[in-house]
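A.B. asks: The chain contents come next:
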Amino acid sequence: MCGGGRISSRLPTADDSNGAHVTTHAVSTKPAKRVVAVDRFLTFIRIFLVTMIVIGLLAFIWQQIDADNVFARWRNPGARGLTGDQFKGLLISGLSQGSMYGLIALGYSMVYGVLGFINFAHGEVFMVGAMTGFIASDKFAANGLWESNFLLCLALIMLMAIFFSTFTAILMERVAYRALRNSPRLIPLITSIGVSFFIQNLVLGLFGPATKSYPRLPEWLADQRSILTFEIAGTRILVLVVAAASMTGLWYIVERTKTGKAMRAVAEDKEIASLMGIDVNRTIVTTFAVGGAMAGVGGILWGLMFRSVTHMTGFLPGVKAFTAAVVGGIGNLGGAMAGGISLGSAESLAPLLILEPLGVPGVSQLKDAVAFTVLVLVLLFKPTGLFGERLSAEDRA
Amino acid sequence: MSTMTATMPSSALDQDWRRVLRWGLICGGVLIALCLVGMPVELDRRELIERYLSLGYVSVLMIPILIGRIAATQVVLEGVESRKQGLYDLVTGLAVGILGGVSLSLLIVALDSWDLRDPLVNWSPKLFRFLTYENGIGFGLMAWIVTCGLLGMMGAASHVVPAMLRRVSGIVVLSLLGISVLEGAIEDLSEGFGLEWLTDLLYAKKGGLTLTSAILAGAAIAFVAVLTSGRVKALTTSYREKEGADRQKASIILFVVVAVLVIVLPIFLGKIMNELLANVGLFLLLALGLNIVVGLAGLLDLGYVAFFAVGGYTTAVLTSPNSPFFAPEMHFGFALIFVVIFAIVVGLVIGAPVIRMRGDYLAIVTLGFGEIIRLLFLSDWLGPYFGGAQGITNIPGVDLGFATVKGTDPRSVFYLVLFFCAIAIYVSWRLQASRLGRSWMAIREDEQVAETMGINTVNSKLMAFVVGAVMAAFSGAVLAAKVGSIFPTSFMILISIIILVVVIVGGMGNIAGVMVGSFVLIGVLGGPKQPGLLQEFQNFKLLIYGMLLVFMMLKRPEGLVPSARRSRELHQDEFLQDAWLKGDKPGTDDDDGETVGDDGGEEE
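From first to last, the protein sequence lines stand for chains A and B.
Taken in order, the first sequence gives residues 989 to 1385; the numbers are from my numbering.
Taken in order, the second sequence gives residues -8 to 595; the numbers are from my numbering.
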């Protein structure tokens, strides 16, 4: 999965092994790398974090084997451990949530690969998808169509969400980002923060601050099913299947079609791509459109799973999806999906597997903190992501 | 868009219709979005000219003028002879305005025939009444098409009329708008000076100017504008051109005037205005710190609110008797020492891991830290120490011996904030020119070159983080003393973003710019929870902040009051191109492009 779709498949060059964060050192001609206090401090942080994780995990494992063990009860005397079913449940919920992060992360990753900046407003594209899904499904539910012909409704709201998300993504490229294509790299990032803020508050103004609830799903979908000893709610199966299908579709577009080839070429080098007769503008728009469509699908899935959406829905999933993209290696599409799934699982498992054995109370509140810690960990240990980033040389700097 | 032609149109109707259609649709889209967001209806409650004009109508009527003006702007290409603007552009503006009006009319018809109130919360009879002036649908349709068309034409006409007329009418309209919108502030100020009779004369009882006073004030302003025309500009240029001792003298005079004004003014102001000034000061302090991190060192720190929180919580824990775990009930002054220490520590801890990251990764990771800190304060884990969602309450004011600074006395809070701001301004100003400040700017411009020149980039960047952190922590400390209680929700990421907007709109890397930015944005629109002068904008200010951020980045990334160096950086291409064009002009000496370029431009 991770070896497949990638925005640019360049050959490795000499500076690849250095990673991005040490480019300054690669350039300067110092005989030996100076070890400054900051480096010592960073080493300390690395060791500290890893030790904590290892202790937590060990305590958890001990606790599973023998709940009365001294080590297991050291920090958390009341520990009960997890049953197998609980563990499976957490894993499944992590996977399904992670696959949504993955779908959003694709948009971040593709735009970063092609234009070299973080489209901070991509989370808002996702929110627009979820919001569209709510409005449409609410109307369908009022008609009774939602009950009588759920699959048709699902297809329709999916299409509408894809349409509006894509539209939003294209519009923001045209209005905000196109003029900034050659400006210093922080400028488009700041612009995208503005765009994100604007869309959030526009949606707030248009549809009001109330939390919107999706209509109830039909029983046959929401029921628990038993597959391979896993008890899975039908909704989660749907999420996993749709995510896998979208990912395959995307992989096909990027790897097997001419448009995809153009995208990879533009990611590699815009100037040379345009010399080769590729319409760079159009390719960039396509990239935004495809990313927007994926976010739209993600939005609907989010709506079906959590059944609620507000104007702030896009913010946290957006930042986490970016984290997923970095975890998988930015610019690397398979990596984005894999990163999303790992992040989702980490988020649902780590609080109970690592934090609770360490004696931290109320661990479920720290879910979001876990996601950001994962980001920091990855950037500390492997800034190019787990599966390697795919960027053109100039974006790397 | 780039095909705005050099070929001359043969008649006024020989328009580039696609362009007109596009701008017309944009105008219509903006108008409809504005109405559906609910801005006009909400602002309609505020009368500007009694019974004739409300802020709501102004917010709608402004759009065709602005878009008409933009649509009629001629793209002037260097070296291509430009067309004289006239009737042709008026037609463009008219058509754009009419299209906008038609869109509004369609909205009226739609409002009349369907009920979409379910998803669109502002789809209400109120909006319908607003759009039809309560005069029936037919009247509404005609009125909008005609008014918008005329206003569009007016916007376009601003390119055509003589510069003098444009300037004077612009000044009159803007100052009338200012006088009527800032009614509250002006009344408050005049009460302090004992000039109530003036405001009684000017404003109607229920608020808003009376028609007579509006006309008289307009005439008076026009008279003054004609009289002083050119003098203001001459004054500023003479200030700019002064050098050496003269410049210094002028700067000192300017500084003393501003300082005296800032110190004396609050005495004459009422509670609400002082509260407002205190908020502006708090955010100015934050913005000055962020200006060092983002503006000077070029590190986009989106989790800046973390330091604000550290300052607030440190003060709260150390001074409040209600602190749940450890309550030494220190004096504010002692607590400040610890605030500085903790700010430095947190600045280093957050700074160290991110310092080597790419600029955009740094932004997201700091955003993560900003969010983590809030989540930690909120969680059950640290709850026993920091009070969790209940926060820490009952924080005492600052006891200065002769007076106590408390939230109930905003004037004293303002002076406290002013004290910290003065320190922060002085420190920023001295740092800017120092070795450290210059190394920050070098890093911002090109990190690799800076390192090659022997700058220790890691330490310099960490210093930027630390200095910024200390300023934000001071602001947090003052906030704790002012509000008297601290909750995790006081430190949302939103604050980071608003401060970023303040710094960027004001002018990154420029102290004066940051000051202007906080006065204009926080003072007029308000902070995340604090109301500004335009309280009616409460629900729309975040929308406006977002729009401003995008607009500034697209049109004026160097900010309202740019720092010369920063704008050179941002417009490097244009500077090079200008130099090239000037150097390339025929009839001038090629050898020394710079000196000849200056007078070469005048002759052509």
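Heads up, some of the hints might be wrong.
DMTMM-like, lysine to aspartate or glutamate: derived pairs with alpha carbons at most 25 Å apart [said to hold, decoys possible]:
#	chain 1	residue 1	chain 2	residue 2
1	B	K197	B	E38
2	A	K1127	B	E41
3	B	K224	B	E234
4	B	K520	B	D109
5	B	K196	B	D103
6	B	K197	B	D5
7	A	K1127	B	E125
8	A	K1127	B	D106
9	B	K196	B	E178
10	B	K262	B	E234
11	A	K1246	A	E1259
12	B	K75	B	E182
13	A	K1370	B	E565
14	A	K1355	B	D371
15	B	K196	B	D5
16	A	K1246	A	E1219
17	B	K262	B	E182
18	A	K1370	B	E182
Derived by calculation from the structure, the hints in this document are not laboratory data.
Quick caveat: nothing in here was measured; it's all calculated off a predicted structure.
A.B. asks: Run the distance test for K1127/A versus E125/B: straight-line Cα separation, threshold 25 Å.
C.D. replies: violated, 31 Å
A.B. asks: Would the pair K224/B and E234/B pass a check requiring their Cα atoms to be no farther apart than 25 Å?
C.D. replies: holds, 18 Å
A.B. asks: Does D371/B sit within 25 Å of K1355/A, going by the straight-line distance between their CA atoms?
C.D. replies: holds, 13 Å
A.B. asks: Under the criterion that the straight-line Cα-Cα distance not exceed 25 Å, is the pair K520/B, D109/B satisfied?
C.D. replies: violated, 28 Å
A.B. asks: Holds or violated: K262/B with E182/B, Cα cutoff 25 Å?
C.D. replies: Cα-Cα ~12 Å, so holds.
A.B. asks: Are K196/B and E178/B close enough, with their CA atoms no more than 25 Å apart?
C.D. replies: This hinted pair holds, its Cα atoms lying about 12 Å apart.
A.B. asks: Hinted pair, alpha-carbon criterion (25 Å max): K1370/A, E182/B. Please report holds or violated.
C.D. replies: Since the Cα atoms of K1370/A and E182/B sit roughly 64 Å apart, the hinted pair is violated (cutoff 25 Å).
A.B. asks: Sort out whether E38/B lies within 25 Å of K197/B, counting only the CA atoms.
C.D. replies: holds, 8 Å
A.B. asks: Are the Cα atoms of K1127/A and E41/B separated by 25 Å or less?
C.D. replies: violated, 43 Å
A.B. asks: Holds or violated: K1370/A with E565/B, Cα cutoff 25 Å?
C.D. replies: This hinted pair is violated, its Cα atoms lying about 39 Å apart.
A.B. asks: So if I understand the rule, the pair passes when the alpha-carbon distance is 25 Å or less; does K1246/A with E1219/A pass?
C.D. replies: With a Cα-Cα distance of about 42 Å, the restraint between K1246/A and E1219/A is violated, given a limit of 25 Å.
A.B. asks: Would you check the hint for K197/B and D5/B, treating anything up to 25 Å between C-alpha atoms as holding?
C.D. replies: violated, 50 Å
In summary, the numbered hints that this structure violates are 2, 4, 5, 6, 7, 10, 12, 13, 15, 16 and 18.
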